[in-house]
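S.K.: What follows is each chain in one-letter form.
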Amino acid sequence: MDNQRRVLSVIVMNEDGVLSRISGLFAGRGYNIDSLTVAPIPNTEFSRLTIVTSGNQRVLEQIIKQLHKLIPTYKVIESDTFVEKELALVKIPLNEDFSGLDMMLKAYNGTVAASGENYIVIMIADDSKKVGNFLKAVKKYNPTEIVRGGSVALDV
Amino acid sequence: MELSGSQMVVEALKRESVKVVFGYPGGAIMNVYDEVYKQDFFEHILTRHEQAAIHAADAYARSSGNVGVAFVTSGPGFTNAVTGLATAYMDSVPMVVISGQVPITMIGTDAFQEIDAVGISRPCVKHNYLVKKAEDLPRILKEAFYIARSGRPGPVHVDIPKDVTAQIAKFEYPETIKMKTYKPTYKGNVRQIKKAIDAIVNAKRPVLYIGGGAINSNASEYIREFAKITGIPAVETLMARGVMGHDNPLLLGMLGMHGCYSANMAMSEADLMIAFGPRFDDRVTGKLSEFAKHAKIIHIDIDPSSIGKLVNVDFPIVGDLKNVVEAMNPLAKERVDPSKYKSWRDLLNRYNEIHPLKYEDSSENIKPQWVIERVGELVGKDAFISTDVGQHQMWTAQFFPFTFPRQFITSGGLGTMGFGLPAALGVKRANPDKISINFTGDGSILMNIQELMTAVEYNIPVINIILNNKFLGMVRQWQTFFYEKRYSSTDIEVQPDFVKLVESFGGVGFRVKTKEEFDKALKDAIECNKVVMIDVHVDRMENVLPMVPAGGTLYNMMLEYKE
Ligand SMILES: Cc1ncc(C[n+]2csc(CCOP(=O)(O)OP(=O)(O)O)c2C)c(N)n1
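Residue numbers (my numbering), protein chains in the order written: chain W, 1 to 156; chain D, 1 to 563.
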C-alpha cells in the first residue's frame, strides 16, 4: 500500500498536556509527523492543531481514529478542500548577487520581511509544495538560514 | 460544603459507592490517608507492594464489573504502580488510580520523590489528570470514574499534588456528567445490523469469534442466545473464556497460539466471521494475511479504533456489544435457519474428534493439566480462577471448565507475571462467597509473594496452586522447540520451601506429589478457609500443545512435539 500525505485539522480542548498526548500518540505508535502547528481558537475553550502526516490507507485511518479516541479531542477534520498555507522565512547575506530575485519573489508572492546592514529576510506564504519549490529555487542565493512554519489549514 | 482536597477524595469515593480501596501510603499522599483513617465507609487494604495494589483493584473490577480503586504515593510508589496500570489498560479494565505528587510549588524542581507521573502513565491509561487546584477535584474525580467505566473501559490515573490535598475549596459533586469531547457510541447502526444479518443468512460456514469485549459489556447471556438461535459455532479468545460456558454444544474452544484444532480450523475455513468484541491480537491470529482468509468479517466493537486496525472489515458496527447483539437476536430469529449450518457444525465436530485437546496422563508423576481438570471437577462452578503467566496460564485456559463470564481472571494483553496472587485477593474481596483459586508457576509466584502477608492480615482466604515444574516453563518450552534446548536462565530448581514459606506468613501449605495427595490438599484447603499454598510437583518437561509458532498460520498447528 502506498504512502499518502494527509493534512488533519484537530480540534481539542485547550488544556494542560494535550499537545503531549498528541505528540506522544504519534511517537508511541510510530506515526509520522511532517509538521504540526497549534494555537488556541479565539473565544472558545478549544485549540486547533494542524498536523501534516503520511502513511498508507490503514495507518491514516488509525491515526484519525486514535486521535478521536483521545479524551480531549473534539473533532478531527480531514478534507480534500482545505486551504492550506505554510510560511517560510529565508535569510540571505547581502553580498550575494540578487539578479532574478525580484522576479522570483513576484512569481511566488514573496516579500522582503526584514533587512539589515548585511542581510535580507524574505518571506513567502503558500501551499507546502510551492514553498518547497521556492526553497529549492532560492538556494542559488546561498541562504544562511531557512525557517518553515508548518502548515495551517482551513476547511472550506 | 467546603472540604480539603483529601476530604474531597474520600467524599467522591463515597458518592461512587466504592467499597474497597487497595493501596500503599507515603509522604505525598499522607493527607489523603489521614482522611481514610477517619472514615469507615470503605475498607482500605494495605498491600505490601504498589504493583499488587493495582492488580488487586484490577481483579476486583474484572470479577465484579465495578470500578477498582487504588492509592499510591509519588515517585517510587507511582513507578511501582505502572506495570499494574499497563496490565489493566491492555485488558480494558475500569479503574481509578490516585497517586500523590510533590506540592505544585515544587513540581519541576526534581524534588524528593518527584517524578513526571502523568508523563509516564499517559501511554498506559485511558486518561490521566494532574490536579492543579482543589476546586477542580470534584469534576475530575467524577470524570475519572465516568471515563473508566464507560465506552471501552480502562484505567484512569489522577495525580494530586500534596498541597492540593490540603487546600480547602467548595465541594459540589456533579450529579451528571457532560463532556463535550467524549461521547461513546452505545447503539449500533440499525442499517449496518440489518446488513450483518443479511451476510449471516447468506453464509455457509459462519463462526462466532468472541473476545474480551463480550465480558466487558456483559453480553454473555445475549451471545449464548444468539448462538442458540442461529446454530453458529463459536470460538473464544483467552479473554472471553466463560462467555459461552464450557458445556455449550456450540463452543469449539479457545482459538489462537494454544487454541484447539477445531477452533483454529473453524477460523481458517469460515466464510463469515462474526467478531463479538475481540481485538485480533497476534497471539490469536498468527500470520495476519492468512487469518480467516476466506471469511467476510462482521466486527462489533465499542471502540472504533479497534475496528479495521489490523484487518479489513466488511461490516463494521460501532456500539456496545450487548446492545447490538440484543438488537440482532429478534432479526436472527426471523431470518436465520440454524439447520442450514448443520454440515458445517458436523465438520467442525469431526475435527474435534480427530484432534481433541488432550494430554497423556501418567502414573509416575502429576501432569499439570490433570491438576487443572481435577480442580474443575471438584469446584468448577464455585470458584473464580486467577492465573499468573506462562504454561500454567495456557493450560488453565485450555482445560478448566469455565461456566460463567468473569470467572477467569488473567493478564492477557500484557502477560504480567506476578498478577495472580494479588488478583486472587481482589477477586475474593469482590466475591466473598466464592472460592478464589490462583493457578501459578514457581517462577511467577515469587514476583508478588509478599502479598501472602496482605492475605493473612486481612483474612482473605485464597488458594494458590503452584504447578511447580522448576522451570520458567513457557520460556523453557520455546527453548526446547526453537533454541535447540539451550536452557538459558530458565532452570529454577533452586527454590524456597513453599510450604514453610507460606507458613511463615501465617498461612497453610501443602506439598503434593501424588494425585491422592492433591485431592486431600484441595479438600483441606477449602475447609480450612485460610491462605493456602499447594505446591504441586508436576512433570517438568510437559509442553503446552497444540501450538501455532509465532507468525505461523492457524491451520498449520504443531499438534505434538517429537524429540
Ligand atoms: C513480568 C514478566 N517477566 C517476564 C515474562 C516472560 N515470561 C513469560 S512466561 C515466563 C515463565 C513463567 O514461568 P512460571 O511462572 O514458572 O510458569 P510456567 O510457564 O512454568 O507455568 C516468563 C519468564 C513475563 N511474562 N512477565
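Hints are computed from structural coordinates only; laboratory data are not their basis.
Every residue gets a Cβ at the ideal spot worked out from N, C-alpha and C, and that includes glycine.
Treat the hints loosely; a few may be bogus.
Taking lysine to any residue pairs in the SDA-like style, the calculated list, with each CA pair at most 20 Å apart, reads [claimed, not checked]:
id: 1; chain 1: D; residue 1: Lys180; chain 2: W; residue 2: Ala113
id: 2; chain 1: D; residue 1: Lys132; chain 2: D; residue 2: Tyr173
id: 3; chain 1: W; residue 1: Lys69; chain 2: D; residue 2: Glu143
id: 4; chain 1: W; residue 1: Lys85; chain 2: W; residue 2: Val156
id: 5; chain 1: W; residue 1: Lys65; chain 2: D; residue 2: Asn312
id: 6; chain 1: D; residue 1: Lys358; chain 2: D; residue 2: His246
If we take Cβ atoms under 10 Å as the criterion, some of the chain W residues that face chain D in the derived model are [said to hold, decoys possible]:
id: 7; residue: Arg6
id: 8; residue: Glu61
id: 9; residue: Gln62
id: 10; residue: Lys139
Non-contacting residues of chain D with respect to chain W, defined by C-beta distances greater than 12 Å in every case (computed) [stated by the list, open to error]:
id: 11; residue: Gln39
id: 12; residue: Ser64
id: 13; residue: Glu326
id: 14; residue: Ile354
S.K.: The structure should be examined with respect to each hint, and the outcome stated for every one.
M.R.: We went through each hint and held it up to the structure:
Our distance criterion of 20 Å between C-alpha atoms is broken by Lys180 of chain D and Ala113 of chain W, whose separation comes to about 41 Å. Annotation: proposed proximity of Lys132 of chain D to Tyr173 of chain D holds, straight-line Cα distance about 17 Å (limit 20 Å). Proximity of Lys69 of chain W to Glu143 of chain D is assessed by CA-CA distance (about 16 Å); at most 20 Å being required, the pair is judged to hold. Restraint check: the Cα-Cα separation between Lys85 of chain W and Val156 of chain W comes to about 13 Å, which is no more than 20 Å; the hinted pair holds.
Distance check on the hinted pair: Lys65 of chain W and Asn312 of chain D sit about 15 Å apart at the alpha-carbon level, within 20 Å; holds. As the CA atoms of Lys358 of chain D and His246 of chain D are separated by approximately 15 Å, the hinted pair is consistent with the 20 Å bound. Hint status for Arg6 of chain W: violated, given a least beta-carbon distance of 16 Å to chain D, over 10 Å. Taken as an interface hint, Glu61 of chain W checks out: its beta carbon lies about 6 Å from the nearest beta carbon of chain D, inside 10 Å.
Taking 10 Å as the C-beta cut-off, the interface hint given for Gln62 of chain W holds, the closest approach to chain D being about 6 Å. Violation of the interface hint for Lys139 of chain W is found here, the shortest Cβ-Cβ separation to chain D being roughly 40 Å, above the 10 Å cut-off. Here Gln39 of chain D stays apart from chain W, with its beta-carbon at least about 30 Å from theirs, past the 12 Å limit. Here Ser64 of chain D stays apart from chain W, with its beta-carbon at least about 24 Å from theirs, past the 12 Å limit.
With a cut of 12 Å on Cβ distances, Glu326 of chain D stays outside the contact zone with chain W, its closest approach being about 25 Å. Chain W leaves Ile354 of chain D outside its interface by the beta-carbon criterion, the shortest separation being 37 Å against a cut-off of 12 Å.
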